[in-house]
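Knowing the structure of chain A, use the given hints to seat chains B, C and D on it.
Protein chains in written order, with the numbering used here: chain A, 1 to 364; chain B, 1 to 364; chain C, 1 to 364; chain D, 1 to 364.
Just so you know, not all the hints are guaranteed correct.
Note that the list lumps identical chains together, so a pair holds whenever it fits in one copy or between two copies.
What the hints assert, rightly or not - DMTMM-like, lysine to aspartate or glutamate: derived pairs with alpha carbons at most 20 Å apart:
no., residue 1, residue 2
1, Lys163, Asp206
2, Lys192, Glu169
3, Lys271, Glu172
4, Lys317, Glu61
5, Lys278, Glu172
6, Lys39, Glu66
7, Lys192, Asp182
8, Lys21, Glu66
9, Lys278, Glu321
10, Lys317, Asp206
11, Lys21, Glu37
12, Lys43, Glu153
13, Lys272, Glu321
14, Lys278, Asp315
15, Lys203, Glu263
16, Lys60, Asp182
17, Lys327, Asp315
18, Lys21, Glu213
19, Lys310, Asp206
20, Lys163, Glu263
21, Lys271, Glu321
22, Lys310, Glu263
23, Lys173, Glu213
24, Lys274, Asp182
25, Lys189, Glu172
26, Lys271, Asp315
Hints are computed from structural coordinates only; laboratory data are not their basis.
Each chain is listed here by its residues.
There are 4 protein chains.
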Amino acid sequence: MPGSSIGQRLVLTSFGESHGKVIGTVLEGCPAGLAIEEKEIQKMLDLRKPGQNVISTQRKEGDVVEIVSGVFRGYTTGAPITMLIWNSDQKSKDYENLKTKLRPGHSDYPAMVKYNHYNDYRGGGRFSGRLTATHVMGGAIARKLLKVALGIETNSFTSQIGKIRMEKEFNEKMISSIYKNDVRCPENKTAKIMRDNILIAKKNGDSLGGIIESVTTNVPVGLGEPIFSSLESDLSKAIFSIPSVKGVEFGSGFRGSEMHGSENNDLYTIKKGKIVTKTNNSGGILGGISNGMPITMRIAFKPASSIAQKQSTVDIKTKKEAILQVKGRHDPCVVPRAPPVVDSLVALTIADHALIAGAIKPVL
Amino acid sequence: MPGSSIGQRLVLTSFGESHGKVIGTVLEGCPAGLAIEEKEIQKMLDLRKPGQNVISTQRKEGDVVEIVSGVFRGYTTGAPITMLIWNSDQKSKDYENLKTKLRPGHSDYPAMVKYNHYNDYRGGGRFSGRLTATHVMGGAIARKLLKVALGIETNSFTSQIGKIRMEKEFNEKMISSIYKNDVRCPENKTAKIMRDNILIAKKNGDSLGGIIESVTTNVPVGLGEPIFSSLESDLSKAIFSIPSVKGVEFGSGFRGSEMHGSENNDLYTIKKGKIVTKTNNSGGILGGISNGMPITMRIAFKPASSIAQKQSTVDIKTKKEAILQVKGRHDPCVVPRAPPVVDSLVALTIADHALIAGAIKPVL
Amino acid sequence: MPGSSIGQRLVLTSFGESHGKVIGTVLEGCPAGLAIEEKEIQKMLDLRKPGQNVISTQRKEGDVVEIVSGVFRGYTTGAPITMLIWNSDQKSKDYENLKTKLRPGHSDYPAMVKYNHYNDYRGGGRFSGRLTATHVMGGAIARKLLKVALGIETNSFTSQIGKIRMEKEFNEKMISSIYKNDVRCPENKTAKIMRDNILIAKKNGDSLGGIIESVTTNVPVGLGEPIFSSLESDLSKAIFSIPSVKGVEFGSGFRGSEMHGSENNDLYTIKKGKIVTKTNNSGGILGGISNGMPITMRIAFKPASSIAQKQSTVDIKTKKEAILQVKGRHDPCVVPRAPPVVDSLVALTIADHALIAGAIKPVL
Amino acid sequence: MPGSSIGQRLVLTSFGESHGKVIGTVLEGCPAGLAIEEKEIQKMLDLRKPGQNVISTQRKEGDVVEIVSGVFRGYTTGAPITMLIWNSDQKSKDYENLKTKLRPGHSDYPAMVKYNHYNDYRGGGRFSGRLTATHVMGGAIARKLLKVALGIETNSFTSQIGKIRMEKEFNEKMISSIYKNDVRCPENKTAKIMRDNILIAKKNGDSLGGIIESVTTNVPVGLGEPIFSSLESDLSKAIFSIPSVKGVEFGSGFRGSEMHGSENNDLYTIKKGKIVTKTNNSGGILGGISNGMPITMRIAFKPASSIAQKQSTVDIKTKKEAILQVKGRHDPCVVPRAPPVVDSLVALTIADHALIAGAIKPVL
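Chain A on its own, in the form it takes in the complex (with noise of 0.2 Å):
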């Protein structure tokens, strides 16, 4: 199977390209059964959504879901579940001068090769952070299931813009704080200071990076497979396609690497009749397979690409170096926005190990 498809037993399918007519999902394996409405997909992709605020581009799009196919009478069927948004706000003009002027950290000049120039590069067509609204759709449904299924909870939040970082660890009463502001960063103080940074970058002409947490709990023991679907190897599959990460660790991560195993090893316990670790520096993961403790990732997503400074780079016909200005209406920071796409990605990942693992049946 080509790369526009993940997941074995609930597969979901992206199809559409930035600036094309439509961007949609089939998603297929979700058990029969499960009650859904496009209202509940729609409060996912607005927490998304472009032009919502100052610190994200003004691209203006409804976003707005229709479900073509897989529900009937407000239960789905088994069949694949198909979703679409039709794009509206494309300003294709925008790219024109872009044809041959390779934009610097972003996928036109690869593309252009791997294509032999047949690829629709308006708006970076089929590699655009748009795309992540598919998973959007998908990843709506595969959450409500975990949650109906199984009580397994899904979120995820900034935790740190270009060198700004949360005071305090994340607990879980901190989920309710998540998107009571603009860059779903749970602390509402340093919230307020990483939207100052983003604001400044915005105004140079620059761009900020950071860094997303996602912490998933209730997930049952043994989700996994080894040695090639562990939840890291399938986790981290899931979230390297969202265009701009560049890292993915679970647990102590890199930071565990500097430690000894007598610190890093989370010893068990017993509480509450079950046996739980007294430290998580595993992340919920061990040997690839979930041990009950929360499932912890951290994911560095880089500074944007697209900035409105000048930047010398090569233009492809003339084979001569060029200065480049990227026009368009972009986000000085995607890190915000990128919530609901991990939450999606992870509830994906975990509801197809939970449909392996027979954990979830296929009727529910």
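Below, chains B, C and D without anything else, positioned relative to chain A:
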């Protein structure tokens, strides 16, 4: 497909257990007409094998590869290549008391639950690092294929052990120095300190983690399939199959998320008539597709979970806390044995993508 | 991957239901650079569409294809090609009384049990022959790809309706006659008798089955992958996805099993400098691999299950026997509408194998 | 995935060549907790093995199975089960003169072209019927799994050799008679005539084909995934992997296509409180899904291609016509050795679907 296979066109299937009769590999999709000898595979296996020196486990395994299918008169035939290693030096008795006492940091507990106690727990069974030898058998072939067909070279090395890091940035001239010391660090002076630190940890009944860096050169522009088979997605999926890996980053990775777009963007220029970038913060991958620059990864290994110190844990039979002291022969640090494994998984993934993209043909 | 997708390198995903909003196709893996227009696809769809004449169902569907992704300025881009047909002429009320009375020969009963009554039963839902239009959308592209890239032509036709068979063996000169009559039988005289028989069956509230033959020429030697992706394996898998198909044979097929080896073996000879066989009892496939001779299949279609006669059945609600009279508009014989569907599935399978074998490259 | 593997949740990978060191099977996805012994597998292998009697090839292979992974203390562990058979009685010299003279009916010519002469041609190499022993190793386990988990039984038998057919329709009482004669035909009297015909063909340096019928009982309602993983699609895909198979039909099959709908439709009724059909023209499959009735298939085998008579052919070296006389030890009719192979592929496919549909759980 469950978890024992990886790849789309070049598919590696791994089988066997740490203390079973055999471990082995079926590699399907390798083009017909590649000259390959057992000794080429053996050479790479020898760099991974245990018992080589004081800083690795004292389990003595010859790890002798035997090709039993798919090669005829010295050339690959296009049929699946099967390679076996017969286990010889298992000491399964060491694991009998572990049947009920959960080893912290290991897969024992989730594996027991997942397989309802039917799993072969001896030496970690299917979850053992020993299984990475099966990746090396396939990887040695993939690495040769890449070299012969496209001139691609992939090399990895130890860049950090615990808190000890290499002083300089890696450059291609260092490649010949990687295997000049036990630690597989191309800076000999630093390697010595790393080695000392490992021996101290060993003496304390403790363990250390570290970081492996991987560099792949001569990759043609255009490998990787949007969206979910991006090179980052598939490389990370492969790498996270290695037990102990808890983090993966490409190019500037986590560090890049603290930079501005104007710093992190790699500007294009022309060098010897070729389009290249002045820096390589992208790690050779843009939009999930290779851009012709070296592919660079950093991989975080946690400290080995098997330590000689007493640890508090839970006895799953009594469901009570218990004290555990792991016996057996273990690596105080697995990082020095990891470079051939990383090279193998990188080579397998890139060769798979070269086949998908048509850069390598099904018959040489 | 569940059941809505087929193919390894050229992957068709089918979605939608008979009486839902839309039916559609995502075709991934088609090489970039193929010129394609909606009208080329429409032409093939029109040959399948209902309501064309007195021997097919009177459901009137325009079956108008709309390409919504993957084609840019008249050429495929390498991205997934999505095509939609909006349903218009459903009469779902006809199916309300069928909710409980099981229609003999249809999927109603197993589907109900499988999906615990959540399935969309209207018009057969996901199981309807209507879904074969999604194969034709993808098939039209695959057929053009084969023609352009390799000169391969695939054609199928009606060779038998009920007990009425063609008098002569098919030969290539007959191709132009296939669509000269409603029955799609290249022997005009026989077609007339077939048509009469269908009309008699219709008048009696009954239905007829028949046989489609498929001939594919110009296939290069060497397509097909041993053992489980033999051409026969993958062609039959594709063809058996058509509702009503209950038998598939290649070359001399069932007849060949009554022959001696000395009769059935196709002897090699040289013709115009090319190695060919004197006969083609193998149907162009040896050891699962194309041998350069025309690929020939015969496909058995059962008589349509929807008949106007009263039938005794079971009411699943009362769990008692009941009398059923199926209303609605049905084909008295589906065979005449099947050739474009067979051509599509054959073209998709052979194009997939041409990509796997490297005979067609990922970019034209 | 290339062609050496089959299945989605229960995946069989076959490796080895006819005259190589070993042939083997990796079976992944078999639930943990199934009791299995080598002797159970051996029993089924023995029914397939060559050299059993005068009507089969005189190649003497012990075909001794050795389980080398995935079974621990008598039970499956959930890890891939690897089974090996070491080849012993190859006479590769017989094949040296065949290197250039193409054997009619065999894969020699397309294989040579496909692999550019790198393939192992000895004894048909990868294309040999010998490889079906790898399916039997996996099939023996699948068959036991079906029996233990769901009470499913699958049996096949010879119903026709050349033009000699069984007189009566098969019924379940005949099962115990299948292996009472060399031909595997439950009608002893007919078996005798079949045997005589095979011996006559052998004496004439000729060969015969025939038909195998397969009956699977106790299949639960609801197995099979629409559209492309219908039971018919996946069963035919599996069965057409057997060399010599050229036709597959379900239920009334080709015969049914001559009937009217009113004759061919299976009417529902209630029997012992269960919904059943009065006839079984559907072969137990409606809309690609099992309906609870026995699954019935008829499978056409061509006459064996290796015959002792002189045949005219082409010498690929001289590119001229040549006379070929195949030496070596061959089956005058492969049909009598096929029932265990058919049973295996049917069992593997149905077990795979039982896992997909959740009828069998990942841990018993």
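Comparing the hints with the structure gives:
{"no.": "1", "hint": "Lys163 <-> Asp206", "verdict": "within (15 Å within a copy, 34 Å between copies)"}
{"no.": "2", "hint": "Lys192 <-> Glu169", "verdict": "within (18 Å within a copy, 37 Å between copies)"}
{"no.": "3", "hint": "Lys271 <-> Glu172", "verdict": "within (18 Å within a copy, 52 Å between copies)"}
{"no.": "4", "hint": "Lys317 <-> Glu61", "verdict": "neither (33 Å within a copy, 48 Å between copies)"}
{"no.": "5", "hint": "Lys278 <-> Glu172", "verdict": "within (17 Å within a copy, 44 Å between copies)"}
{"no.": "6", "hint": "Lys39 <-> Glu66", "verdict": "within (10 Å within a copy, 27 Å between copies)"}
{"no.": "7", "hint": "Lys192 <-> Asp182", "verdict": "within (9 Å within a copy, 50 Å between copies)"}
{"no.": "8", "hint": "Lys21 <-> Glu66", "verdict": "both (14 Å within a copy, 10 Å between copies)"}
{"no.": "9", "hint": "Lys278 <-> Glu321", "verdict": "between (57 Å within a copy, 12 Å between copies)"}
{"no.": "10", "hint": "Lys317 <-> Asp206", "verdict": "neither (27 Å within a copy, 59 Å between copies)"}
{"no.": "11", "hint": "Lys21 <-> Glu37", "verdict": "between (24 Å within a copy, 16 Å between copies)"}
{"no.": "12", "hint": "Lys43 <-> Glu153", "verdict": "within (16 Å within a copy, 48 Å between copies)"}
{"no.": "13", "hint": "Lys272 <-> Glu321", "verdict": "between (66 Å within a copy, 13 Å between copies)"}
{"no.": "14", "hint": "Lys278 <-> Asp315", "verdict": "between (57 Å within a copy, 15 Å between copies)"}
{"no.": "15", "hint": "Lys203 <-> Glu263", "verdict": "between (45 Å within a copy, 16 Å between copies)"}
{"no.": "16", "hint": "Lys60 <-> Asp182", "verdict": "within (17 Å within a copy, 51 Å between copies)"}
{"no.": "17", "hint": "Lys327 <-> Asp315", "verdict": "within (16 Å within a copy, 63 Å between copies)"}
{"no.": "18", "hint": "Lys21 <-> Glu213", "verdict": "neither (33 Å within a copy, 39 Å between copies)"}
{"no.": "19", "hint": "Lys310 <-> Asp206", "verdict": "within (10 Å within a copy, 53 Å between copies)"}
{"no.": "20", "hint": "Lys163 <-> Glu263", "verdict": "between (27 Å within a copy, 14 Å between copies)"}
{"no.": "21", "hint": "Lys271 <-> Glu321", "verdict": "between (64 Å within a copy, 11 Å between copies)"}
{"no.": "22", "hint": "Lys310 <-> Glu263", "verdict": "between (48 Å within a copy, 13 Å between copies)"}
{"no.": "23", "hint": "Lys173 <-> Glu213", "verdict": "within (15 Å within a copy, 38 Å between copies)"}
{"no.": "24", "hint": "Lys274 <-> Asp182", "verdict": "neither (38 Å within a copy, 43 Å between copies)"}
{"no.": "25", "hint": "Lys189 <-> Glu172", "verdict": "within (18 Å within a copy, 46 Å between copies)"}
{"no.": "26", "hint": "Lys271 <-> Asp315", "verdict": "between (63 Å within a copy, 14 Å between copies)"}
Against the hints set out earlier in the document, violations occur for numbers 4, 10, 18, 24.
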